[in-house]
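Next come the chains, spelled out residue by residue.
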Amino acid sequence: SQTIHQWPATLVQPVGSPLSLECTVEGTSNPNLYWYRQAAGRGLQLLFYSVGIGQISSEVPQNLSASRPQDRQFILSSKKLLLSDSGFYLCAWSAIRDRMFFGSGTQLSVL
Amino acid sequence: DQQVKQNSPSLSVQEGRISILNCDYTNSMFDYFLWYKKYPAEGPTFLISISSIKDKNEDGRFTVFLNKSAKHLSLHIVPSQPGDSAVYFCAASDGSYNFNKFYFGSGTKLNVKP
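Residue numbers (our numbering), protein chains in the order written: chain A, 84 to 194; chain B, 624 to 737.
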């Protein structure tokens, strides 16, 4: 069966510090991978998606970047965090049109 | 421009009664519709989906109805249980892309009262 791992669960970082969130998927190959963010009291905003290794598309201009160094690994990064980067970050994967599976999420607080 | 809308931010229902969560969309290229349930500080959990060629899909206590002419779908939960209290997101998959692109609504917080 397929599983998705996302870590860390909680992160508190000072403004201006770097960020690296990691996500890995097991039990499938060549999945579509996604990074979403849920700001407090808001819906899910698609940040990045990837259809293959090294292929990254950005949905919104922002202070973040993403990379896919391996087929089932997706990384969300920032060189310098802003206060507005605070939120709940979700990694997800999909291989079929009617299904997407999410990781457990990372609560990021930038202080 | 939000292509998937959930206009009710919250809903309160008595245990044992029916919960009806609504969702509207604008893009006629959407070919699959999904519902997710989310608890605080957790990832959304997939509940049920429906293809655009169907008008109803059931899975236990959960039924999703699709009205393509009105561009409207709804999730019925019968009977509602306190454990159903969570935020529910509807999502739609856009068939015009070469990958699985999903659009999400803003969510409806369901509170099932004992």
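Check before you lean on any hint, since a few could be wrong.
Claimed, not checked - Partial pick of chain B residues on the chain A-facing surface, computed with a CB cut under 10 angstroms: (1) PHE688; (2) ASN723; (3) TYR726; (4) PHE727.
As the list claims (entries may be wrong) - The following label-pair restraints were derived from C-beta to C-beta distances: (5) B:ASN734 to A:PRO97: 32 to 38 angstroms; (6) B:THR649 to A:THR111: 28 to 34 angstroms; (7) A:ASP154 to B:GLU665: 24 to 30 angstroms.
Claimed, not checked - Derived coverage of chain B by chain A (criterion: at least 3 residues anywhere in the stretch with Cβ under 8 angstroms from a Cβ of chain A; other residues may be distant): (8) 648 to 662; (9) 666 to 672; (10) 696 to 709; (11) 728 to 737.
Since the hints were made in silico from the structure, they are not lab data. Every residue gets a Cβ at the ideal spot worked out from N, C-alpha and C, and that includes glycine.
Verification of the supplied hints:
{"no.": "1", "hint": "PHE688", "verdict": "violated, 16 angstroms"}
{"no.": "2", "hint": "ASN723", "verdict": "holds, 4 angstroms"}
{"no.": "3", "hint": "TYR726", "verdict": "holds, 8 angstroms"}
{"no.": "4", "hint": "PHE727", "verdict": "holds, 4 angstroms"}
{"no.": "5", "hint": "B:ASN734 to A:PRO97: 32 to 38 angstroms", "verdict": "holds, 36 angstroms"}
{"no.": "6", "hint": "B:THR649 to A:THR111: 28 to 34 angstroms", "verdict": "holds, 31 angstroms"}
{"no.": "7", "hint": "A:ASP154 to B:GLU665: 24 to 30 angstroms", "verdict": "holds, 26 angstroms"}
{"no.": "8", "hint": "648 to 662", "verdict": "holds (count 4)"}
{"no.": "9", "hint": "666 to 672", "verdict": "holds (count 5)"}
{"no.": "10", "hint": "696 to 709", "verdict": "violated (count 0)"}
{"no.": "11", "hint": "728 to 737", "verdict": "holds (count 3)"}
This entry does not satisfy hints 1, 10, going by the numbered hints stated previously.
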